[in-house]
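Chemist: The whole structure should be built from the sequences, with the hints applied where relevant.
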Amino acid sequence: MSDIVARARALADDLLFPAATGVDADGVLPGAALDTLAAEGLYGLTGPASHGGLAADPPTVHAVAEALAGGDLSVTFIWLQHLTVPAMVAGSPLAGEFLADLCTGRVRSGIALLAATRPEPVAITARREATSFVLDGGVPWVTGWGHVDVLLVAARTPDDVVHLLLVDAQAGPTLEVVPQRLVAVQASATVELRVRGHVVPASRLVRSVPLAEWQAADPGNLRTNGSLALGVAARCARLGELPALEVDVAAVRARLDAAGPDGLPAARAAAAALAHRAAGLLAVAVGSRSVSRGHPAERLTREALFLLVFGSRPAIRAALLGELGG
-16 MSDIVARARA LADDLLFPAA TGVDADGVLP GAALDTLAAE GLYGLTGPAS HGGLAADPPT
44 VHAVAEALAG GDLSVTFIWL QHLTVPAMVA GSPLAGEFLA DLCTGRVRSG IALLAATRPE
104 PVAITARREA TSFVLDGGVP WVTGWGHVDV LLVAARTPDD VVHLLLVDAQ AGPTLEVVPQ
164 RLVAVQASAT VELRVRGHVV PASRLVRSVP LAEWQAADPG NLRTNGSLAL GVAARCARLG
224 ELPALEVDVA AVRARLDAAG PDGLPAARAA AAALAHRAAG LLAVAVGSRS VSRGHPAERL
284 TREALFLLVF GSRPAIRAAL LGELGG
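Residues in the sequence shown are numbered consecutively from -16, following this note's numbering.
Please note that a few of the clues may not be correct.
Between beta-carbon pairs, the in silico distance windows are [to be verified]:
no.	residue 1	residue 2	range
1	229	-11	15 to 21 Å
2	203	230	23 to 29 Å
3	101	268	35 to 41 Å
4	113	240	44 to 50 Å
5	112	268	56 to 62 Å
6	199	241	17 to 23 Å
Hint data in this document are derived by calculation from the structure and do not stem from the laboratory.
Heads up, the beta-carbon is just placed ideally off N, CA and C, and yes, glycines get one too.
Modeler: Spelled out as structure tokens, the structure:
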């Protein structure tokens, strides 16, 4: 899989990073960037080879995500949400209809999983009516609106079962989106999603999982998000010519790779704290230019701030407060 990682690094250096300042200033992501990732096969990174995916192992997924995050975090943020969906759809009743298109990027996906990751209050509820599920509620963060065709939505029934449904990403009377204004990655087209009596055919059910089972497995899913912070930190090290920082990036990467579920929240916190420190070091190394709007150091500093809270959990937050001296 080393050739996939090399391709991702080349895309980050030659395509994404040179355009990132303009993308950040405009707050709008050109579709061509995501089209290029699809053409390179990266939308199928986690999909099975039987349906055109690359069936990459976790270390490869982490390395690709880290490389792309060091190019343009907005692009990577949208693309990373997609990776959950081919892996979930594989082996489900929807595989025949969707999996090949998900792997090629002909169908692109986002996620709205808060009802599974936050116990209370329930973000999105579901009730079964004949051959449909009816959804009510909302989530504050759905990334890639306008760049995705479907959303993997977690909705819960009163018996604490999480139903994962593939929902068309189309606004209407029962599905509303409100754009978010973010300190960084504004071009990620992140919105608040609200649903009121939104009907989804039961044929769009990917799987149903007891809430306790999902939450028991959740800590093991935290590693990939840590690659975003590593990518930002590594880019800071390269731009600032800070070899000691590169050593720190390697150490935190090794810590993330070695951590089991119990240790992953602290390792994730260490990665976010490192990105924050790396951006500060880059700003000092660059000097006064780093506070000029549009300088890469200024953008990376805002991205590091964003990553302090992105994909957080109570255990990550507590560990970060310790890392930062709180």
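Chemist: Does each hint hold? Answer for all of them.
Modeler: Verification of the supplied hints:
1. 229 - -11: 15 to 21 Å: The hinted range 15 to 21 Å holds for residue 229 and residue -11, with Cβ atoms some 18 Å apart.
2. 203 - 230: 23 to 29 Å: holds, 27 Å
3. 101 - 268: 35 to 41 Å: holds, 39 Å
4. 113 - 240: 44 to 50 Å: holds, 47 Å
5. 112 - 268: 56 to 62 Å: holds, 60 Å
6. 199 - 241: 17 to 23 Å: Given range 17 to 23 Å: holds, Cβ gap about 21 Å.
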